[in-house]
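4 is the number of the first residue of the sequence shown in the numbering used here; add one for each residue after it.
Fair warning: there could be bad hints in the mix.
[What the hints assert, rightly or not] Listed next, with one range per pair, are the computed distances between beta-carbon atoms:
#	residue 1	residue 2	range
1	Ser-361	Val-449	56 to 62 Å
2	Thr-425	Thr-261	48 to 54 Å
3	Thr-386	Asn-237	51 to 57 Å
4	Pro-497	Asn-700	53 to 59 Å
5	Lys-460	Tyr-380	22 to 28 Å
No wet-lab data here; the hints were simulated from the structure. A virtual CB, placed ideally from N, CA and C, is assigned to each residue, including glycine.
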Amino acid sequence: MGARDTFPSWLSEVWTRHAITNFPHIQYSNWTGVVCDNFTGHVREIRLRSPSYEGSYENDAEYEAYLRYQLGGKLNPSLLDLKHLQYLDLSNNDFDGAHIPSFIGSIATLRYLNLSGAGFSGTIPPQLGNVTTMRYLDLGSNDRLLCGNLQWLSRLVLLQHLDMSRVNLSKALDWLQVTSNLPSLVELHLSGCELEYVVSPSSTNKINFTSLDVLDLSGNNLGSSVPGWILSLNHLVSLDLIYCLFEGPLPSGLQNMTSLRVLDWSFNYFNSTIPNWLYSLSHLESLILSGNRLHGAVSIAIENLTSLVSLDLSNNQLQGSIPTSLGKLCKLKTIDLSYNEFSGEVADIFVGFSRCESNKLETFHSRWNYLRGHLPYELGQLTSLANFNLYSNSFSGPIPASIGRLSSLISLDLSNNKFNGTLPESVGRLGKFESLYISDNLLEGVVSDVHFASLTKLRDLDAGGNNLTLNTSENWVPPFQVEILMLNSWTLGPQFPLWLPSQMKLNYLGIANTRISDSIPTLFWSNLSKLKYANLSHNQIYGEISSILNVEGFSPATIDLSSNLFNGSLALVSPNLTWLDLSNNSFSGSIYHMLCDKGEESNRLSYLNIGHNRLSGKIPDCWKHWQSLVIIKLENNNLEGSIPSSILRLPNLKSLHLRHNNLTGELPQTLRNCSSLSVIDLGENKLTGTIPPWMGNAMLGLIVLDLRSNNFLGKLPYELCLLSSLQILDVAHNNLFGHVPRCFANFSVMTNTRNSSYSSYFRFYSPFLMNYSVFRDIGFNAQDNAFLVTKGRDVEYRTTLGLVTSMDLSGNNLSGEIPEELTKLVGLWSLNLSGNHLTGRIPRNIGDMRQLESLDLSLNQLSGVIPPSMSSLTFLSHLNLSFNNLTGTIPSNTQLQSMNESSFYGNNLCGPPLASCNPDKILPPKVDRQANEEEEGEGFSEALFFASMALGFAVGFWIVLGPIQFKRSWRITYFRVLEDIWHKLCDFIFEFRYIFRR
4 MGARDTFPSW LSEVWTRHAI TNFPHIQYSN WTGVVCDNFT GHVREIRLRS
54 PSYEGSYEND AEYEAYLRYQ LGGKLNPSLL DLKHLQYLDL SNNDFDGAHI
104 PSFIGSIATL RYLNLSGAGF SGTIPPQLGN VTTMRYLDLG SNDRLLCGNL
154 QWLSRLVLLQ HLDMSRVNLS KALDWLQVTS NLPSLVELHL SGCELEYVVS
204 PSSTNKINFT SLDVLDLSGN NLGSSVPGWI LSLNHLVSLD LIYCLFEGPL
254 PSGLQNMTSL RVLDWSFNYF NSTIPNWLYS LSHLESLILS GNRLHGAVSI
304 AIENLTSLVS LDLSNNQLQG SIPTSLGKLC KLKTIDLSYN EFSGEVADIF
354 VGFSRCESNK LETFHSRWNY LRGHLPYELG QLTSLANFNL YSNSFSGPIP
404 ASIGRLSSLI SLDLSNNKFN GTLPESVGRL GKFESLYISD NLLEGVVSDV
454 HFASLTKLRD LDAGGNNLTL NTSENWVPPF QVEILMLNSW TLGPQFPLWL
504 PSQMKLNYLG IANTRISDSI PTLFWSNLSK LKYANLSHNQ IYGEISSILN
554 VEGFSPATID LSSNLFNGSL ALVSPNLTWL DLSNNSFSGS IYHMLCDKGE
604 ESNRLSYLNI GHNRLSGKIP DCWKHWQSLV IIKLENNNLE GSIPSSILRL
654 PNLKSLHLRH NNLTGELPQT LRNCSSLSVI DLGENKLTGT IPPWMGNAML
704 GLIVLDLRSN NFLGKLPYEL CLLSSLQILD VAHNNLFGHV PRCFANFSVM
754 TNTRNSSYSS YFRFYSPFLM NYSVFRDIGF NAQDNAFLVT KGRDVEYRTT
804 LGLVTSMDLS GNNLSGEIPE ELTKLVGLWS LNLSGNHLTG RIPRNIGDMR
854 QLESLDLSLN QLSGVIPPSM SSLTFLSHLN LSFNNLTGTI PSNTQLQSMN
904 ESSFYGNNLC GPPLASCNPD KILPPKVDRQ ANEEEEGEGF SEALFFASMA
954 LGFAVGFWIV LGPIQFKRSW RITYFRVLED IWHKLCDFIF EFRYIFRR
């Protein structure tokens, strides 16, 4: 080693995150990352690249361990002492926003410089252009770097590889002219640089790129169509134009690029069929067109792409059958056809691959299509297959036993299909198996320890939603240590599985509805406290939990113990918990201990469901410590007292269910603070007072308002008409009086025949869940619900809640006529006005409400005929008009004639389904007789009316105005009263117009 190449001081400053403070006198060749010349001993290369972060660390401790490998600190100019340095790689480190030092431009011997992903910021120093020996320059993945002028690049005439991806080049308008004139450039990567194509047509001829083989311009906005200069680069080998916002059909100029081996145009807006000329690019090895709007069928001519190794057509709108000729492409290693509209069978494709002399297929993905048929026995000959995913299709038949011959198989996903039969025992021979997803099929039979015999590497097992029974020996210890275990709907019971405590790496457990009738062993409670997700619902597990949800080190984000036989008092809740469902058990006592005994400690809980238990006492007023709550369900308990004000100050609260308790008092004023509320269910309590008018102003996003079966009194406030998003209004069985507000026609969701945009799901994401593919697409969903009394019965709506529109004002003391304006609610699904004192006629346009499935107007004082338009209600399946004063013939319509006779009892109606009308005895309808009588006596009534009016005017004039003529003080008082009445009338009209305008 040269005497002048002493150990450089810059290295001690760079390596500040390593625990190295004193450097012994050793040979450079002993230092990892320092490469010396074998003959001269000069330092030629410094390779201090940090391992790449793959985004799969499960906790902070693992991420901190990764950070310890990163270099940081400051680069020192003593680096210039290395006079023979040719290679410098400091990529994937963290220099924490430091600028790239300009002195690097003085390392005259440098040929390779890689500073990618190293946390540099600021402007790229133009002095880098002085290193004319540079062949490789990578400054990419430094998001805070920028460059406004690239002229310094023009001096790097030997440069072959340039990567400035994610460097801000928005002001470098000369980027194309400069890079195209680099004579030696072979690879150009400018992904995500905020580039714009601003070259004028006259300068297009100056674009050379004579040596360029690889071009990556992905993530830039280069216009709506692929620029012509790109399509003119016929010598390109690789072209990457992902996320460039291109539109229209695939450009025909592409067919001239016959040298292409890699074509990636994914995630644009190409909207066309796949043109036949594309299949003539026989040198293509990788074809990626995913995430566009391609449609139509894939031609059998795809067999011409004989060099193809990777094919990705996912996330398009392709239709028809997958051509069997695809099975002739024996070089294919990866196929992804997911998220299209493919249909038909694919058995012949796998048979085709099995006939290849040396099939190389490693990955086959076809999620979310309409494929059907059986998997052939020949599938077992694809011994290179490592990843096989057919999630969410319509495959049927048994899983072939030959699948056990797929010795390379690592991941298998057959979930959400119609596979039947048993799970083949041959699965137990797949020693490389890491992930098995077979959930939601029709599998049945017994699964034994033979099925898992060699699965020592198994990490994810999701097999729920099948009718399988696990039958193993009593002392069975699984050969695997899984992280995900989903066996919902299996038969594991009646005893609690004693092998579960052996799974020390278990993070996600689902054993809901597994017929367990046992208590949870004490040994398992320590495992439960380490889980991130646990679903033990819908079993018959019993015992108390008062001491297990707050143990030291408790980490679950989600616990679902609902629909079991747990009893005793509620437990304290860990602050790490985000989801807790203890509903449908037998918990008793107060909820004060769980909510209030933790003092000022903050909590992360977003979803709390302790409904359908035997809880009693008052709802405590300590909700200020639960600021993250989104959904609260306390329904069907024995809670009493008033609604505490602090529960209505939660800033994120969207759904509040206090139904069927013994709550009393009035609605608290703090309810007006809950502007984000979507669902309020306070039905079946003992609440009193009036429905406050401010509800219409404070909760404009309200979807469900249920105040059913309380003791509310007074009139329906007109301000409720401001709730334009209201989808369900239930104020039945209270003491409300007055008229039905005409402005209820303002409920715009009910006036729309299209489905509501409201979803009954609230999605919760966990940073832990996102590391696993089984949860990655779905997050974790909380399903909201609503109880409705419709069609004469109680119904709970969950998955279809977003489709339901209902108005129930029954069982009150409402009077007056049914407003004609209600017929504008053409999207209403259920209307119940029964049990009131409504008079007048059924609105003649009620047939406009064509979405009605349930209509109840019984037990009122309605009169007249049934409007003929009611025959237009073709969706009507429940009708009750009984016990009114209706007359005449029931309109002829298949829908109305199919109703039960009781729907029309207590009226003066005839015709099917009641007794037939007798034309000889039936008088004209009551309404017509009245009209005739009025017509016959019209002349006499008019004369009597005008005579009475004249006499009344004369008498009134002299009684009221006569004295005013003779006494001045009376005249002044009289006109002051008139003026006061006028002002009050103006104020009333103004307020009335304001309400309707809102």
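Outcome of the hint check:
1. About 38 Å separates the C-beta atoms of Ser-361 and Val-449, a value inconsistent with the hinted range of 56 to 62 Å.
2. For the hinted restraint 48 to 54 Å between Thr-425 and Thr-261, the CB-CB distance of approximately 52 Å keeps it satisfied.
3. Against the hinted window of 51 to 57 Å, the Cβ-Cβ separation of Thr-386 and Asn-237 comes to about 39 Å, which falls outside the hint.
4. Taken as a hint, the range 53 to 59 Å holds for the pair Pro-497 and Asn-700, whose Cβ atoms sit roughly 56 Å apart.
5. Taking 22 to 28 Å as the suggested C-beta distance range, the pair Lys-460 and Tyr-380 conforms, at roughly 26 Å.
Checked against the numbered hints given earlier, the structure breaks hints 1 and 3 and satisfies all the rest.
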